[in-house]
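Chain A is fixed; fit chains B, C and D onto it per the hints.
Protein chains in written order, with the working numbering: chain A, 1 to 357; chain B, 1 to 357; chain C, 1 to 357; chain D, 1 to 357.
FYI, nobody ran anything at the bench for these hints, they're computed from the structure.
There may be inaccurate statements among the hints.
Chain C side only, calculated, beta carbon under 10 Å to chain B, not exhaustive [to be verified]:
(1) H121
(2) I122
(3) P190
(4) A209
(5) G239
(6) V252
(7) W291
(8) A307
Take a look, some chain A residues computed to stay more than 12 Å from chain C by CB distance [unchecked claim]:
(9) A18
(10) I46
(11) Q48
(12) H121
(13) L147
(14) R152
(15) A183
(16) D206
(17) T325
(18) P331
(19) R346
All C-beta atoms in this analysis are idealised placements derived from N, C-alpha and C, irrespective of residue type, glycine included.
4 protein chains.
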Amino acid sequence: MKTKHRFLREPVEPFAVASGATADDLLARMERVSFQGRSLATARRIWQKMLADDCTIFFGIAGALSAGGMRLIISHLIAQRYVDCLVSTGANLYHDLHETRGRRHYLGSPQENDAALQAEHIDRVYDTYANEDEFIENDEWIAAFTLTLERRPYTTREYLYRLGEYLWNETGGDGILTAAYRANVPIFCPAIADSSIGMGISQARDRDASAGQVDVIADIMESANLVIRRPRTASVVLGGGTPKNFINQASVQAEFYDDRVGGHRYALQIVTDVPHFGGASGASLEEAQSWGKLAADAERVTVHADATLALPVLITALATSARDTLAARKPLRFDLSGPVMAVEGRPFPHARFEART
Amino acid sequence: MKTKHRFLREPVEPFAVASGATADDLLARMERVSFQGRSLATARRIWQKMLADDCTIFFGIAGALSAGGMRLIISHLIAQRYVDCLVSTGANLYHDLHETRGRRHYLGSPQENDAALQAEHIDRVYDTYANEDEFIENDEWIAAFTLTLERRPYTTREYLYRLGEYLWNETGGDGILTAAYRANVPIFCPAIADSSIGMGISQARDRDASAGQVDVIADIMESANLVIRRPRTASVVLGGGTPKNFINQASVQAEFYDDRVGGHRYALQIVTDVPHFGGASGASLEEAQSWGKLAADAERVTVHADATLALPVLITALATSARDTLAARKPLRFDLSGPVMAVEGRPFPHARFEART
Amino acid sequence: MKTKHRFLREPVEPFAVASGATADDLLARMERVSFQGRSLATARRIWQKMLADDCTIFFGIAGALSAGGMRLIISHLIAQRYVDCLVSTGANLYHDLHETRGRRHYLGSPQENDAALQAEHIDRVYDTYANEDEFIENDEWIAAFTLTLERRPYTTREYLYRLGEYLWNETGGDGILTAAYRANVPIFCPAIADSSIGMGISQARDRDASAGQVDVIADIMESANLVIRRPRTASVVLGGGTPKNFINQASVQAEFYDDRVGGHRYALQIVTDVPHFGGASGASLEEAQSWGKLAADAERVTVHADATLALPVLITALATSARDTLAARKPLRFDLSGPVMAVEGRPFPHARFEART
Amino acid sequence: MKTKHRFLREPVEPFAVASGATADDLLARMERVSFQGRSLATARRIWQKMLADDCTIFFGIAGALSAGGMRLIISHLIAQRYVDCLVSTGANLYHDLHETRGRRHYLGSPQENDAALQAEHIDRVYDTYANEDEFIENDEWIAAFTLTLERRPYTTREYLYRLGEYLWNETGGDGILTAAYRANVPIFCPAIADSSIGMGISQARDRDASAGQVDVIADIMESANLVIRRPRTASVVLGGGTPKNFINQASVQAEFYDDRVGGHRYALQIVTDVPHFGGASGASLEEAQSWGKLAADAERVTVHADATLALPVLITALATSARDTLAARKPLRFDLSGPVMAVEGRPFPHARFEART
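The shape of chain A in the complex, shown without the other chains:
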C-alpha cells in the first residue's frame, strides 16, 4: 500500500482557461497536465536549471527553422546567452543570412502545384516559398566573401565568425550569424559541405583553386576541447540531425581524453522523429545514457513537437521566468577571431586534444 501511494502522489491538475494568460502562466500550469503539454513545461524548468547551474550549454538546430520564422528567437537565445555554443545545419545559417541580407521567405501553401513553382523559380519548403534567383545571388555573395579570406584552412567555427562579422559590417542586421558574431558565441557547422553555404564556398574555389579551405576535422577537436576545458555541459537540441550527434560526439570524444567528463548533465530535445526506427534524430535520451553521451542521472526531457509551435511558447515563457537567473549567469567568454580559439582568455591547444588540466 505504501508503494502504491508512492506512485500516486502528484495529481494531474486540469488546465483552467484564463483569458489574458501569459506564456509564463501557461507553462506554469502545463507542468501538471500530461503528455507533450507537460513535456514542454518540463523543458522550460530544465532549461532554467541549466542556466542556474555552472555549465556550458550546447545548442543544436536542425530543420527549416530560419526559413520558418524562428531565427530571431535563436538570435535572442545567443545574444542573451541562454546558450554558449551553437551547432547548426548549413541551411539554417544560409536562410538566416538570406534574411539578414534583406531578402525574405514567403507564406505559401503545401498544396501548390510544384511544376508551376519550378517554372517560376520558386523553391518550396512545405508551406513556405523562396525566390530561387535570390538564392543564386546569395551563393555569389558567399563566394565573394570567401575570396576575402586567407588561403589557409578555416574551421567552420572561424569561418562562420568571419562570415558573421562580414555580414554585420555590411548590413548591421539582426540574425543568428550576426548575433553570434557580436556575442562571441561559437558556431560549428559539421555538415557545411551539405548546404548552400558549402555551395557558395565551392564557387569561390571554382574561381581560385586555393580558396575555400574548410577544416572540419579541427572542428571535432575544438568542440571536444571545449568540453574538456569545462566538463559540466548541457545539451539543447531542436530537431535532431547532425547538430544533435555532433554535440553528443563532443562529449564522447572529450571523455576519451579526460575521464572527468561524464556526459551532459542536462538534456532537452524538441523532436518529431521517434526512436523505433533506429535513426539518430529520433533516438531517446535514455538511449543516449548507454553511450555516456548523457550522465546516468542527467535531468532530461524530450518534447515531441514541431519547434515552430513549441519554441515561441517556450522561449517567451523562459524570457520571463529566467530573467534573474540570466542576469546572474556568468557565461563563458570566447575569443573566436583567429585560427586558435580562446576561452576565458586561455587559448585552446592547436590541432590536438587538450591534456587533463
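Positioned in the frame of chain A, the structure of chains B, C and D alone reads:
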C-alpha cells in the same frame, strides 16, 4: 513575372521574443511563421470565423484528453458555447466523471516498470497513472445510475444528458458531463460499447436483464437531423477516432436526405496521425472534400500536434480574441431531457430522417 | 565482465540477398536484423506460438484495410482459423461487403484534385478511390437486409453473422463477412453506429421505426464471457482504434468476474501510432501490462509499420511455416445462429456475466 | 461520366495468400493494393526502370542501417551495380567497418536499463547493442590508417576509397567499403566530421598536426561534375539526412553550371519522416520538383516505412526481376585511385566546375 509575384506576396515575419506576451499575442505573431506554428495560429483564426458565422459547430474529442488534464478546457468550450454539439469517445467521458466524482489522475513516468504498476493496481496512460480500484468503483457507480433509468432504449445523447444531471446533482462539480448538462449541449458517444461507461452499463444489465438499453442507431438519425435542421455546419476535431468520423458521417447522411447540405463550411483538426497509411484518424481535410464531408471551398486547417500542447495555447488565446464574438453569438438552444430532442423549441422527428423543410 | 557478455550474446546477422527467396525465408533471416524488420519477424514467431498454444485468439482490424486490398488476407485468416474472434471497425466490413457484392475500389493518387473528385462523386481514401453512387446503393442493400430481420435487439455478433449469411446466399463470394459466416467465427463491431453499416441500418429504421435494433451492451457481455469461458487468450491487432480497446476491455471485464483471467498471454500489434501522445491506438504493450490487459510475462511485439506493407509478407510466411501447427490446431467451435451464442455446444448465459465454472 | 471513368480504371486487386510465394511474387501482387504496400511495389518498378534507362543512379543511406543488419544488402547493390554512386552518413560506414573487421552488433532490447548498459560500456541503438571498447579500438585503427596517407587534403571520395582498399587488404571481408573499393564505386560522406570516422581522423591529427586533412568542398565539386558529365540522373534515398540533401544539391549545383541538367529523372525514397514539419528528411518528392531537384515529369515514389523492413523485401524481389536488366546494364566506369577522379577514362577537372562539353 506577374505570376511569380503572386506567389511571393506575404513574407514570413520572424517571431520576436517579447517577455510577458500573452497567448493572444503569441498566436497573433505565429500567423506569420511556418509549419505547425502557423497552423496553430490559423486554427485560432478559423475557429473565430466559425463563431462569427451562423453555423452549428460540432466538436469531436478522442485520445486521453480528460486523463491528461484537458477536461476543464473542454467544459469551458461547452459552457461558453464555443461549440454546439460534442462527440466523444467513452474514455474521455469516463475519465471526466472520475475526476468530477473527486478522484484524480496522477503524474507518472513512461519509463516506470509496468509489472510493478500492475501489482499495485495502477493503470498507466503513457506518463499518467490512475488507481484501478477507483475505476472499479466508478463502474459500479455507473451501473447504479443506469439502474435508475427507465427500462427502454436510450440514445447515447439522452443517456449522457441524464448521466450529467445525476453527476451534477450528486457532486455539483465542474467537468465535461456536468457542463454539457447545464448548458444543454448534446453529447454523442457512438462507440460507447467500447469504453468503461459501456462496461458500467453492462454491469447494470448483469443485475437486471432489461436494464442498460442503448440505441446507437437513433444517434445516427439525431445527428443527421441536426445537420438537416441547420445545414451550415463546422467541424472541430481533436485526435481523430470515432468522433471525427461520426461528425463527418452526420453530414454525409444528412446530404442523402436533403441536398441543401453540402459539407462542413469550416473544418479544424488537431491530430498526430498522418494521411499516408489510409486510416480515418489521419485523413487530410482535402480528402474529406472528395467525400462531400467538407464543402469544396471550406476554410480548413490541420494542426499536426499533440492536443495537450496545442489546446491550452489555442483556447487561452481564443478566450481573449473571441470574447465579443462569443457574446454576440446566438447558439442553438436544445431540449435534451427526453427521448425526443428539440432544437429551438421544435422537436426532432422520432426514428426517421427529417424531411426537407 | 560476465554481465557484459550477458548483453552481447546474439549477434545481428546481416541480411544477405538471395534472389528467389520466399516470404518464409525472408522472415527467417529478418529475425536477426534490427528495428522494425526484426519486429516483423518476431511477429511471425509469436503468432506461430499462439497457434501452437491452447488459447483463444482475438483479432482486431482498424484502418482502411478492406479498401486497401487486405480483405482476402483477412478472410484467409478466418477461414483457416489463424484467429478465433474478429473485432472490426464498421468501415472494414462495409468495404468488404462492397467488393463481395461485385463492386471495386480503384487505384488512385493522393495528389488528385479533391474538388474534381467531389464533382464526380468519387470518394478518396489516400491513394484509393470509390464510386460514391455505389456506396449509396450499398446502404440501401443493407437497409433492405436489415428489414428482413426480426424486430428485436441483435448483438452486432448476431447481426453480422446474419449479414454474412445473407451476403453468402446472394453472392457466393469470398470475403471477410462470408468467410466468418461459413467458418462460424464471431465478429464484433463495437462502433457499428460510426460506420456506413450503421447508416444503412438507420435507413431501415427510417422505413420501420421498430427495425434496426442493435444491442451493443450485450456485445460487451458476450466478449467478456468468451474470455471467462477460456481464460487463455491472445490479441492480434492491426491499426489500433476501437478493436484494439474492445479486445483489451473484454479481458479486463472478464477479470472482474473471474480471477483466473490474467490478461492476454500473447500480444501482437501492427500500428503506425506512437505512445507519447497518450492515445489508445498508439499505446505500448508494456503500458497494457499495467492495466492487466496483458499478462506481466506475456510474449509481445509491436510492429511499427503500415499493415498493407507488413501483412502480405507476414501472412505469406506464416502460411508456410504454420501449416502443420494449423492442421493440428483445434479451434473453438461456435454456434452463432441465434441470440444466444454457444461455444463447444454450451450456450453462453444470456444478459449476464458467466459465473466461474 | 467520361471523366468519372477516367478516375475508376484500375481496380484494387485484393492480395490473395499463396504459401511459398517469393518476394518477387509478393511485390508483383502488391502493385494492386493501396497505401504503403503499393508504394513498396512501385519502388521496385521505378528502380527497375532506372536500371533500364541510361542514367547515373545516386544512392543515399542514412539511419543505423549497417548496425541494423542491412550492410550486405547495400554491398550487394554496389557490387552488382544497382547504383553508381553512394552518399552515406559516417555512422553507416563506421558500423560497416566494425563488422568487416570481425566485430559484431548484438540483438538487444529497447526496454533495457541504460544506466546498466553504460556501466558495462555497451552502446544501445534502439534494440541493438555494441561493445564500446571495440568502438574505441576502431577509432585507433582509423587513426593508424589515416596516418598512412599523404599529408595533403583528401576528398571524402578519395579518403574512403583508400579506406576501403586498406580494409580489403587487411580483412578480405565483404561490406560496403570493401565492395565500393572493389567495384570502383565512389562514396561521398559530406558530414564525415559528424561521425566516428571523423573522430578517428581527429585522433590521427592529434598525433601529427599535418595528418587528417579532409577537403569536403572538393566533394561538392566532384559530385556536381558527375552530374554535369552525364546529366541523366536518378536518386534512391534511404532515410533522409545529409545524403538525401547532398544528392539533390549535386543536381542543383550542376544545373547552375550547365543548363542541360534538369533534375533527377527518377526518385525513390524510403523514409519515416513526414513533410509537415518542414525538415529536409521528410520533404516530399513533389516539393523537390519546385527546387528543380527533380524533373517536373520525374517518376517518383515515397515509401513511408522503416528500411529494415522494406529493404529486404524490395531487394530480394528486385534481384529476381531485374536480373536481365542488370546484365545488360553498362554502368559508369570510375577511376577513384587519385586526387583527380576519372569517369570512362576521362579525368574530372580539378578544383573547378566542369564546363559544358
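Verification of the supplied hints:
Taking 10 Å as the C-beta cut-off, the interface hint given for H121 (chain C) holds, the closest approach to chain B being about 8 Å. For the restraint placing I122 (chain C) at the interface with chain B, the shortest Cβ-Cβ distance is roughly 6 Å, inside the 10 Å limit, so the hint holds. With its C-beta approaching chain B no nearer than about 4 Å, P190 (chain C) sits inside the 10 Å limit, and its interface hint holds. About 4 Å separates the beta-carbon of A209 (chain C) from the nearest beta-carbon of chain B, less than 10 Å, and the hint is met.
Among the interface hints, the one on G239 (chain C) holds; its C-beta lies about 6 Å from the nearest C-beta in chain B, closer than the 10 Å criterion. Contact between V252 (chain C) and chain B, as hinted, is supported at the beta carbon level, the nearest pair being about 8 Å apart and thus within 10 Å. Hint status for W291 (chain C): holds, given a least beta-carbon distance of 5 Å to chain B, under 10 Å. Among the interface hints, the one on A307 (chain C) holds; its C-beta lies about 8 Å from the nearest C-beta in chain B, closer than the 10 Å criterion.
The Cβ of A18 (chain A) lies farther than 12 Å from every Cβ of chain C, with a closest approach of about 24 Å, so its non-interface assignment holds. Residue placement check: I46 (chain A) keeps its beta carbon more than 12 Å from all beta carbons of chain C (closest about 17 Å). The beta carbon of Q48 (chain A) sits about 23 Å from the closest Cβ of chain C, which is more than 12 Å, so the claim that it is off the interface holds. For H121 (chain A), the shortest C-beta to C-beta distance to chain C comes to about 22 Å, beyond the 12 Å cut-off, and the non-interface label holds.
Distance check on L147 (chain A): its Cβ is at least 44 Å (rounded) from any Cβ of chain C, clearing the 12 Å threshold; non-interface status holds. The beta carbon of R152 (chain A) sits about 43 Å from the closest Cβ of chain C, which is more than 12 Å, so the claim that it is off the interface holds. With a least beta-carbon separation of about 35 Å from chain C, A183 (chain A) lies farther than 12 Å from that chain, consistent with its non-interface assignment. Once the 12 Å rule is applied to beta carbons, D206 (chain A) is consistent with being away from chain C; the minimum gap is 38 Å.
The non-interface label for T325 (chain A) is consistent with chain C: the shortest C-beta to C-beta separation is roughly 29 Å, beyond 12 Å. At roughly 33 Å, the least C-beta separation between P331 (chain A) and chain C is larger than 12 Å, which holds for a residue marked as non-interface. At roughly 39 Å from the closest C-beta of chain C, the C-beta of R346 (chain A) stays outside 12 Å, upholding its exclusion from the interface.
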